[in-house]
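*Asks:* Hey, can you work out the whole structure from these sequences and the hints?
Going down the list, the sequences are from chains X, A and E.
Quick note on numbering: my numbering labels position 95 of the first sequence as 95, and the sequence is numbered without any gaps.
Quick note on numbering: my numbering labels position 144 of the second sequence as 395, and the sequence is numbered without any gaps.
Quick note on numbering: my numbering labels position 14 of the third sequence as 597, and the sequence is numbered without any gaps.
In short, the hints are calculated from the structure, not lab data.
Among the hints, a few may not be true.
What the hints assert, rightly or not - Negatives, chain A to chain X, calculated, CB over 12 angstroms:
| id | residue |
| --- | --- |
| 1 | G287 |
| 2 | R301 |
| 3 | A426 |
| 4 | V540 |
Stated by the list, open to error - Footprint (simulated), chain E over chain X, 3 or more residues, beta carbon under 8 angstroms:
| id | segment |
| --- | --- |
| 5 | 30-39 |
| 6 | 209-217 |
Glycine residues also receive a C-beta, built at the ideal position from the N, C-alpha and C atoms.
In case you want the letters, here they are:
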Amino acid sequence: MTEEALKDLLYKIADDQLILGHRNSEWTGMGPLLEEDIAFSSMAQDKVGSSLAFYTLLHELGEQEPDTVAFTRNAEQFHNCQLVELPTGEYNFSLMRHFLFDHAELIRFKMLAECPIEEVAQVAKKLKGEVKYHVMHANTWIKQLSNANEEANTLMQEALDYALPYALGIFEPSKFENDFIEAGIYPGEKAIETQWKENVSKILEESGLKVPDWNSIEPVYGGRYGKHTEHLQPLLTEMTEVFNVDPTADW
Amino acid sequence: MYGGGQVFEPSSTNNDLLKDEDPKKLAEFEARIARGEKIEPKDWMPKLYRKQLIRMIEQHAHSEIIGSLPEGTWITRAPGFKRKLALMAKVQDEVGHAQLLYGAAETLGKSREQMIQDLITGKSKYSNIFNYPTFTWADSCFISWLVDAGAIVNQLANARGSYGPYCRALDRICAEESFHLKYGHHCVIHLATGTPKQREMMQEAVNRWWAPMMHFFGPSDKMSTHTEILVKWKVKMATNDECRQQFLDMYVPKIWELGLTLPDENLKKNPETNAWEFTEPDWEEFKRVINGDGPCNKERLAVRRTAEERGAWVRRALASKTKGEEYVAPMA
Amino acid sequence: MSFINSLDPRINRLSIPSEFGTAFPDQGEKDQFITYEVFVQPKEHKPYQHEGIVHAPTEEMAFLFAKEQFSRRGMSCSGIWVIKTTDIQVSPITENEEDIYDYINKEIMEGAEKGENAVYQIFQLVKRGKQHIHAGDLDAHSPQEALWNAKNKFASEKPVLNLWLAKESQILKIEGEEFTDIWNTLPDKKYRDAMDYKATEKIKKFKEEQKA
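*Replies:* Encoded structure:
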């Protein structure tokens with residue numbers, strides 16, 4: 001397995017976490033309930049902090065400093081799935097995105113905690129505890145809200161139907177799928193996807209939501225290789241606004 | 252963080268509230284305070300004490316939640332990971348502080364939804380400084396450092412007050428604030444000692460925010476009344492003037508050492524009196540802004556109202572499963 | 584329709600009508616949830632301590648909220664208990680360093696409804712202004728018997744000012760091996776630590792440059 005392959009993997013993880021954490025920070029101070037505002041904001045910080053851990057691994061592999069890598073690339077250079085760049089929408093969408101994404105992340109980190117590359121395994125091992133709480137949070141919310149009343153059930157179903165095609169984009173196959181599998185890094189995106197479908201379906205059913213036939217959903221691919229929606233560049237322009245006043249300055 | 256200048260609104264009913272109280276109970280209550288024992292929620296307390304404490308703690312809570320908005324303006328644009336993570340954490344902390352403080356006020360018998368409603372309708376006040384706009388990143392850094400510094404001066408004083416739940420909340424808040432202050436100072440240092448553009452940004456922010464900062468601790472106590480009994484009851488722990496002097500003494504030298512100037516040519520420490528002298532702030536403007544006519548009042552309330560309304564379906568849904576649950580005031 | 588024009592891009596994305604800041608329909612409905620008292624164990628083998636409340640619709644949510652509100656700081660956390668405020672029985676509170684146990688005698692159990700035997704958790708306040716701390720557990724057939732048993736088990740020369748009791752069955756406990764990893768990364772959040780913000784070198788360098 002080459003270094004290029006490893007970077008491919010680490011970049012997509014880091015970019016996913018950064019963009020999602022950034023999106024979720026839009027709720028800070030404006031959440032539906034004080035306590036939930038606090039919890040959601042913590043998880044947003046966890047994501048950004050997590051992305052920093054992965055950009056740091058990339059830096060150790062020869063990529064530039066995390067600040068430079070995160071704050072000076074353009075949209076077509078990002079490898080996040082399109083799901084995480086979509087606007088925050090209302091709380092039903094943000095919650096559903098959190099649920100769908102974090103289930104995948106937990107599986108991914110559990111797998112990577114066993115990977116033969118020590119540095120990666122260490123980071124994954126540490127972070128999977130964090131994501132475990134994120135999944136606990138998501139499960140409780142999806143179940144309690146969707147089962148609560150008709151209004152909430154409808155809103156959550158709408159969010160699910162909208163998000164699912166994008167969520168499948170998390171598992172867009174990498175150029176290096178076979179390399180990862182052969183080198184025993186992790187069993188590959190298909191394996192995560194299969195486990196993920198099982199895990200989320202169970203919770204969604206318990207929540208009184210309808211899970212469509214998986215075969216009927218067209219996954220939205222492209223994010224992993226720089227093809228993004230019209231939302232990513234404005235997000236990046238905003239995120240880097242102050243940094244780009246002077247990228248060489250010490251802020 | 253929050254602001255001083257708490258408006259203990261003098262009203263003719265205050266004396267009425269006091270004269271109906273059982274003199275024996277009142278004496279025991281005051282003796283307990285005098286010997287430094289905290290008052291806890293189940294203790295007998297005079298109506299005036301309860302009323303003023305609710306107002307004070309509630310205002311503080313509102314200040315925290317509204318206070319999350321000026322810095323929140325820059326939360327998506329913080330430059331670099333260190334700043335991004337820190338600002339996300341700081342703004343979150345403010346929401347957390349609001350939660351702690353509403354909880355403390357609730358022990359006195361006012362429900363949280365009533366307090367939130369009073370904030371949105373404009374009935375309850377919050378610290379005036381948050382009615383001003385954060386035009387640049389440097390403005391948010393000014394707040395993170397100096398407005399927090401001002402708040403800490405108040406909080407440290409109030410943490411020695413008489414009401415248990417408020418003191419406990421303040422202990423927690425003060426512990427978290429230590430990182431806020433360091434973060435804010437760190438940001439300002441970097442701007443003030445950085446590139447010419449950064450220095451200019453910081454100086455302009457300072458020029459904009461100095462007047463509101465001088466308003467922060469409220470009018471001189473010579474101008475306000477009813478502080479005597481609140482001091483006796485350890486509700487008001489320091490005068491506005493004392494807090495302002497302490498703030499100036501601690502922070503003006505630190506501002507000047509960074510090469511920043513302050514837009515008040517009269518600002519100096521008198522070597523004989525050891526007190527800071529300054530141009531008297533415009534208290535008419537203070538009154539105008541706190542009563543609704545500031546640059547951001549409408550926006551702050553509109554955002555708060557929007558947040559509540561966007562979240563209504565969530566609370567409605569979750570509450571639909573808990574009908575019949577009886578709410579009681581928290582105990583501590 | 585005109586919208587609020589904000590300096591905050593997040594707010595501009597919400598398209599808030601301008602008049603939102605000047606009018607608010609009267610709500611009337613109660614929509615903040617009941618409260619749960621939160622107890623945190625900072626480290627294994629240390630006692631649980633009361634930290635505050637959360638408003639929540641269920642105990643699971645109460646835990647989720649409590650975890651972030653009361654254990655997002657500090658070097659470690661090993662467990663959280665949440666108890667509905669209404670499920671906690673409270674003794675009177677003494678003043679002047681009097682011991683509440685002095686007021687508890689066998690007679691308090693007279694007339695008390697004797698129910699099933701239950702495990703009770705006992706929390707003590709040793710000083711006004713401080714937080715209640717977990718003392719331990721005991722068996723009793725009623726809250727009154729629990730008070731009496733608490734006296735026999737926990738009273739000492741050090742006065743206790745106030746007691747809280749809660750039935751074990753009414754406590755949601757998140758603790759132990761199964762959950763320790765959710766607090767794994769707590770010590771790594773350096774950005775929340777004042778120690779991470781040193782700048783004395785920068786100020787020094789700046790002052791030297793100014794002199795030159």
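*Asks:* Taking the hints in turn, state whether each one holds.
*Replies:* Quick rundown of the hints versus the structure:
Its beta-carbon lying about 32 angstroms from the closest one in chain X, A/G287 satisfies the requirement of being farther than 12 angstroms from that chain. Non-interface call for A/R301 relative to chain X: holds, since the shortest CB-CB distance, roughly 23 angstroms, exceeds 12 angstroms. The Cβ of A/A426 sits about 16 angstroms from the closest Cβ of chain X, beyond the 12 angstroms cut-off, so the non-interface label holds. A/V540, annotated as away from the interface, keeps every beta carbon of chain X farther than 12 angstroms; the closest lies near 21 angstroms.
A count of 7 residues in the segment 30-39 of chain X with a Cβ less than 8 angstroms from any Cβ of chain E is obtained; the coverage claim is therefore met, three being the minimum. Given as covered by chain E, the segment 209-217 of chain X fails the check, having 0 residues with a CB less than 8 angstroms from a CB of that chain where 3 are the minimum.
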